[in-house]
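So you can see what is in the structure, the chains are spelled out below.
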Amino acid sequence: MKTLVSQAVARLARWGTKWSLWPPHLVTACCGVEIGHIFGSVYDAERFGMLPMGSLRQSNIIIIEGTITLKMAKFVKYVYEQMPEPKYVIAMGACAIKGGVFYGSYHMVPASKVVPVHAYVSGCPPTPEAVLKAVSKVQEQIGHAEN
Amino acid sequence: MQRTEWPFNLEVGNTFFVESEEELRGGRRGLTLVVGPQHPGSGHMRLFVVLDGDMIVDVVPDPGFVHRGIEKLAENRPYWTVLPLVEKASIMDSMNIMYPLVLALEKALGLEPPPRAKYLRTIMAELTRIRTHLYDMALLGIFLGHSTAFMWGFALMDLYAEVFAKITGTRTTIAYPVPGGVRRDVKPEHVEAIRRLLEVSRRKLKDFKTLFLDNPVTRARLEGVGTLDVKRVTELGVVGPFARASGVDYDVRKIHPYDAYSEVDFEVVTEKAGDAWARTWVRWREIHVSMSIVEQLLKNLPGGDVIDEALLFKNPEYRREGVGGVLGVYTYMYPEPGEYMAVTEATRGATLVHLWTTGTQRIYRMRFVTPSWRNLHAMVEAMKGHRLADMPAVYMSFGYFPPEADR
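Protein chains in written order, with the working numbering: chain A, 531 to 677; chain B, 10 to 416.
Honestly, the hints are just simulated from the structure, not real lab data. All C-beta atoms, glycine included, are put in the ideal place defined by N, C-alpha and C. Among the hints, erroneous ones may be present.
List of simulated lysine to aspartate or glutamate pairs, EDC-like, C-alpha gap at most 16 Å [stated by the list, open to error]:
1) A:K617 to A:E670
2) B:K308 to B:E201
3) A:K601 to B:D238
4) A:K604 to B:D71
5) B:K393 to B:D238
6) B:K175 to B:D194
Here are some of the chain B residues that sit facing chain A, going by a computed Cβ distance under 10 Å [as the list claims (entries may be wrong)]:
7) P46
8) Q47
9) G62
10) M64
11) D67
12) P70
13) H76
14) I79
15) T90
16) I151
17) H155
18) D167
19) T182
20) F410
21) D415
Model the full structure from these sequences, guided by the hints.
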């Protein structure tokens, strides 16, 4: 009986997390232009339960918008560590995957070396549809989680 | 205090993460507030703001969070692949920001675009200018807590993005010009799309003005905030609409006309006040000027090729294959050794590219001066003496875009 109750609670928590993915205002590079479109009135990410939060203590997903420079990397790490569990990361853009057009630059680092990444989006910059697809992939991952 | 592990450093006096107190003139204690790089606005930069009560005494900017080494990377690759690299400095303003490089490379390669290509480039430059002004205004809205302006601005920008996608294939990073012409010709339906876009914009911009710019709260937040007079602006070397807002009558499009700007009739928008409202209002009026430029150019759009005859001569299959063969031609073209320079008016001010070439296909050195970098110091100066609550208004009234400044 006890396990049944705890399973039901966990399931409810997963459902709640799935539809309340809130990113903090952490703009790392120029993909932030397309992020604006995602939260604008045309693509409206709020219908997926996504709403930008001012405080990182109230947020649970980071969308890494393009390049992470070495100077920014420690702040991405710092923001990620301060966020409450469970937390998810979407790496957006070619720069966040491997470097893209800036491959080989002396001042940049791929996103996967800084934080664990749950979904990648390709493109330079990716279209808003692609990022919303990645969001739904993360939602699937949350829905199929073990506990 | 105990020093903990990376990335924390809790020593007093270290302003890396923690607030610290510092001595002001007259023995008063000031508070150093660290704003950013994660802050409830947009933009990836950090400001060390020294506060006396809630009055800003001093601001020390800390840019460089998006420094990606564009100038260095440009030295290590063939010149035709530098174009999309430079574009990433300011992606919604992509046409304007890569314009000077294209002009400088044309001088180095001895190419001259045909009239139709010149017209098309200028049309796209003005469309990206409108889009960037709208972007800055939408973000100014969200900085002031006016979400409606953000929503309306981005909805309007999305129309521009869709038209760019129709013409060039991408929404934001259009990479439209190439040395000696443009990448793709426009079809009659694209011209029609631009016409309709301007028509819709005119109608919607009226509502945007009623909602945002005529709003008494917006006026109250912006008027008399961050004032820089004409003398101060010239001392600080401000460029673009932010200098014109203080009465500096300087526009590269008028003074050194490039491409089709010599064939259109337009006014250089100037204001006298030099405060945040004047900087917003200049940009608002520039949107309408840009629209009239595009309309004039569309009316007189000449026919013919969109690529220089010299390039077509080297690749005769271009006419048959369309855009496919254009970039291949550059692989056997070598720039003349020497120095080449080009200045253009990007949305946020004059942009300069200075090229050193040695006769190989790699650029020896590229100096790339962007407007946001030149406006940064003025932005910081304008913040001083105001309340902390006015800081976002001053910040976004300069349209500061960190990737553009840090390159």
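Results of checking the hints against the structure:
| no. | hint | verdict |
| --- | --- | --- |
| 1 | A:K617 to A:E670 | holds (14 Å) |
| 2 | B:K308 to B:E201 | holds (11 Å) |
| 3 | A:K601 to B:D238 | violated (35 Å) |
| 4 | A:K604 to B:D71 | holds (15 Å) |
| 5 | B:K393 to B:D238 | holds (14 Å) |
| 6 | B:K175 to B:D194 | holds (12 Å) |
| 7 | P46 | holds (5 Å) |
| 8 | Q47 | holds (5 Å) |
| 9 | G62 | violated (23 Å) |
| 10 | M64 | violated (24 Å) |
| 11 | D67 | violated (22 Å) |
| 12 | P70 | violated (14 Å) |
| 13 | H76 | holds (6 Å) |
| 14 | I79 | holds (8 Å) |
| 15 | T90 | holds (9 Å) |
| 16 | I151 | holds (9 Å) |
| 17 | H155 | violated (14 Å) |
| 18 | D167 | holds (4 Å) |
| 19 | T182 | holds (6 Å) |
| 20 | F410 | holds (8 Å) |
| 21 | D415 | holds (8 Å) |
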